[in-house]
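Engineer: For the record, the sequence lines run as chains A and B.
Residue numbers 1 to 466, in the UniProt record's numbering, belong to the letters of the first sequence in order.
Residue numbers 1 to 236, in the UniProt record's numbering, belong to the letters of the second sequence in order.
It is possible that part of the hints are untrue.
Only pairs whose alpha carbons sit at most 27 Å apart, straight line, appear in this in silico BS3-like list of lysine-lysine [what the hints assert, rightly or not]:
| # | chain 1 | residue 1 | chain 2 | residue 2 |
| --- | --- | --- | --- | --- |
| 1 | A | K248 | A | K27 |
| 2 | A | K177 | A | K247 |
| 3 | A | K247 | A | K27 |
| 4 | A | K27 | B | K66 |
| 5 | B | K66 | B | K56 |
| 6 | B | K56 | A | K27 |
For the record, the hints were derived by calculation from the structure and aren't laboratory data.
What follows is the residue order along each chain.
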Amino acid sequence: MVEPSDTNLEDESPVTGDVEETDEATKHGDDVELERTIGLTGAVSIGVGTMIGAGIFVFPGIAAGRAGPAASASFIIGAVVALLVALPASELATAMPRSGGGYYFISRGMGTFAGTVVGIGLWLGLVFASAFYLVGFGEYLAVLVGVESSGFVIGSAVVAGVVLTGVSLTGTENAAKIQNVVVAVLLSILVSFLAYGVINAVGPFSAGTVPERYAPFGYAPVLSTAALVFTSYLGFAQIATVAGEIKKPSRNLPLGMVGSVVAVGVMYVVTVFVATSAVGSETLRGYGETAIVEVARELLGTTGALAVVGAGLLATVSSANASVLASSRAVYALSRDALLPRRAADVNLRYGTPHIALALAGGPVVLLASTGRVEVLAEVASFLHLVMYGLICFALIALRRSPPDWYEPRFRTPLYPVVPIVGGVASFALIYYMQTASKIVGSLVMVAAGGWCFYYADDVSLRGAV
Amino acid sequence: MTRILVPLAVLEGETVSPGVVGSLSNAEVVLLGYHVVPEQTPPGQARMSFEERAEKALGETASSFKDAGVAVDTVLVFTHDRSETVARVADEHGCDAVLSNQPSHDADDILVPLLPTDADGDEALVETVSSLVEGRDVSVDVVVFADEADDTRAERVAGALVERGIRSDAVTYGSRATDTPVISAGKEASDHDLVAMRNEFSLADLVLGDKPGRVADTSLTPVVGVLRRDLPAEDI
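This is chain B alone, in the form it adopts within the complex (with noise of 0.2 Å):
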């Protein structure tokens, strides 16, 4: 079982589409309502005036998930910065991957792409992408974005797919040469329903963002970011 944080703007009107409850229906769900206030507003303070409709909003986007079987767990928290709050949240809850949400009305086909920034250790890649399909009916297009187009990873981690016992006539791979894989992945992703990939920090990151948020805002596709799973951390 993998275990999903999905981090929620709910004071913004922020929820889940069908599309993405059905794509998750494996996963458990930590479902993280947030809300961002400026520097001059105490987090508590904020905490007095809105928790209320916050817990309303937070709980029914709860319901549709529980409506679909799916196991949730919820946090509310009132932060000054989104980004702290989601890292610290998904690792106190032992979470997998990070959800970017864009809205999605089905849950038929997922896009893995492969970026040349995160080239070794596919593995909890792979075992995120089968534990969320596992049984249903979905087809996986594990696509290569490099300079150079090589279909050799791609083939690899198809195969790590099938022998974690995904259909093989669901599985298809191949590769892009492009210049930007990040955009280009993000283009590729608009015709898919889910995209999964790895979320590997790099150094433009710090200026663009990470790469699941960009993929998910170019292709306005729900994308699940893996977490590297680090050996457990000294804590000192």
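If we strip away everything but chain A, and leave its shape as in the complex, we get (with noise of 0.2 Å):
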């Protein structure tokens, strides 16, 4: 239990209580209750929507320059370090389906200085991958318009940003039907046009691939092209932000966490094989982000060019929407514990959206959108996140070793502990192989959210406290 004297700076309380879990609410005391309301498909919608905008809109092109048809290797090491970490986050979310996912099980496993730290990485983290996905965003309306001007791209980047928050403050009650519509109509573009692509290459009537070598960069380009595409991946977490929100938590979430994975890491590998087939690796650097359109045009002319443009569009701009939709919610998850100041997470009566808790991530997201670059943006996101990743494996292992009584997960990790022990080790390897400008931005942020614990919330103790 959490004492009373456990204050902030402001002299605020983590809010705790006794807490009751069923499949359909969070029942608080006597008559207070959180109507759980996101399904299964909502949960993989989530997932699915948030990480297609990026692997296959945006990095295969840049992917396949730097490592050649090797890239697919690159986005199957990705997958595997996810699906690694994704088992134990399935595990520690059964245990606590709790709003703010990476972020509670580590402060509750870890205490608060390792939460504190990545806690305002997970804020952090998706605010880069929003601008990162914004960026891309900005790269398909220049395709669809015709403008080659960097200026235009960020111009765009930044005016979507702006309507983005502007439109989640007001409040748009069907924004999860909208989202569920938009997966559905992105997956099927997809699957028609790698299925075509795969027969293209390899069926009866192939017209041939482009000959290459598998690995022509050799292999080293691989592991650092992983480390780059694995913002491809970060999505899975992200169900994990709306854990309190999900029906069923105990079937639904690992379902939706794993099932996402292993649904985007195949169309990823596809996409990589259909694209490096039809027009080389080459060729596809020279495109850079926008390269699966050229594939597209390449095998389907115009049309499928265009729908493939407006598929990027609607991709993109889900991803970044639902980045900044859990990055509030990760504001939200500090101030409830006192890490952040409580009037953070402020709801308004009037739209009854937090608009302090979705400022500080929109506004953060306009601001590094305007900077255009996109490699560093992407790599800074899965930095925050591969470090949260990487404590979610020993977060597992800590609570494994010495279970306070409340651990009673649903899901148990299968072959523990070599499962969290691999994916923790991964995770911080990926970090390696990043270029040094991230690894620079990233530790920043880091160091910045270590000397906040240390001067808001020294006092708060939330370890093992549910």
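Two chains, each in its own frame: build the complex with the hints.
Structural biologist: Pasting the structure below:
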């Protein structure tokens, strides 16, 4: 239990109390309940909807340019690391199905300091991710209107960021339904496109593939590319940030997280295969972020290219939106635990939206999008998430070794302790392969987060407190 | 004793009027204060901001029932989806019916509309109505709304009510020929103090909303929608 003396600089304590979790609601004390309203489809749609924006519509060109056809191996490495983390994250999520995801698990498993660093890292990591998706959106808009200027790309990214934040501030009640439809439309476009691409590459009427060595630049770029494209796998953890709102959490959280990683992983690998077979990695490199459009043009002509541009616009904007919302939930989780001022979580009665938390997410997104640095934005996002993923694995080990009496996960990680150990080590190892600039920015964010913890919330104790 | 769920949008200032308190004076009331927040707001976050205010408003409505001698239980829920919350709380608290709230001043007469979509199994309705009316001076009008006027079903329900101890001079029955039973029931209801009807699901409800809610909206009269009480579902 948290003692009343545990307060932050403003004398606020973490919000805790008697809680009972059922399949449909969280019950506080006698008569206050929080409804769970997101089903398995909603959970998968959050995961997949967040991830495909990056992995299919931004990275294939960049990745193939760096690693050649072996970029598919980079995506496979990413998928394996993501799975090794998704399994421990699933166990923790079924034991603690609360808003805040990875932050919540780590603060309860490893204490306030690690929790604060990860929580602030999650908030800002999602901000970096969202800015990255918005720049991707700008690239697609530029292709659509036929403008080749980085000013236009950055300008549209900034405008899109402002619009998204504004819309989420004033509340759209059907956001989740729209998101489900968007994801369904995207998946059908992608599956037909990829199926056609595969048949074209290896089928009986194959036009032949561009002849090329599998790893023309050797195997070292495969790893650095894996570190870069790992941003394509950040979405599964966003399912955990809404864990408090998911129905039947013990079933839907593991299924949603593992299922969405497997689904997008397969699509990424097929995408790289189709892309490199159709136009070759040297050409892909030249096209950069929107290379997949040129692949579609090669295979299906202008109509195909247009469909893929439309899908790219939808995918990047839905990824950006999902990340802003998840980031705002991280702010809420921190504020609930007195690691940020309580007023950061305020909800206004007029729109029913958390205006301060959304502004704390959307504001910096717009700022970062204005830099237009796709690769650094993506890597910093991955850096901050990978630190969290590594610690999720170690938090699982900590909780399994001395389980608090409330620790009763309904899903148990298979092959314990191999999976969390390999998952944790692999997460930190991927960081090693990133660009220096990304490592520096990521480390600065973490140092600042640690400093904030000492300054603001030194007395708050969260370990084991649910 | 019949148990009625009374959902209220507490933070939008929704309360119950004296006529509703009077009409439910024989029932056990489960008062559900709810607040719907959009997708981008975790219900727990809304709770942090609004719990105190919502509890206060809910407590005031609860007292108006208690002052009238009605047994009342309260629940406060923050949710993304009103209908899911109403269905869940009704189920968990074993409620027989759900109120679609509208203001009413008196509690003197009840309309019991019988619709074609709920042709068989009126027992639960009879039980709820007789339990609400028992020992009170209330008149009950049982009316069939169907494409052909036929009193048979209304007569059977009225008879069952009398068998359960309602004074026969307090019960009338009749029928109306109509192509739009729900709208006609709503119009008929506007000069009553309460409506009690069955809440049977049909496909049109997906678009138009549940029938008790539609009758309440048309008539501006409070409606008690009696739920189908199935055999206890096996929990898997």
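Engineer: Checking one constraint from the list: CA of K27 (chain A) to CA of K66 (chain B), max 27 Å. Satisfied?
Structural biologist: 25 Å, holds
Engineer: Do the alpha carbons of K177 (chain A) and K247 (chain A) lie within 27 Å of each other, as the hint requires?
Structural biologist: Status holds; Cα separation ~16 Å.
Engineer: Quickly compare the C-alpha distance for K248 (chain A) and K27 (chain A) to 27 Å and report which way the hint goes.
Structural biologist: OK: K248 (chain A) and K27 (chain A) at ~14 Å, within 27 Å.
Engineer: Would the hint linking K66 (chain B) and K56 (chain B) be met if the CA-CA limit is 27 Å?
Structural biologist: 15 Å, holds
Engineer: Against the 27 Å threshold, does the CA-CA distance of K247 (chain A) and K27 (chain A) hold or violate the hint?
Structural biologist: 14 Å, holds
Engineer: Does K27 (chain A) lie within 27 Å of K56 (chain B) when you go C-alpha to C-alpha?
Structural biologist: Since the Cα atoms of K56 (chain B) and K27 (chain A) sit roughly 19 Å apart, the hinted pair holds (cutoff 27 Å).
When held up to the earlier numbered hints, the structure conflicts with none and fits them all.
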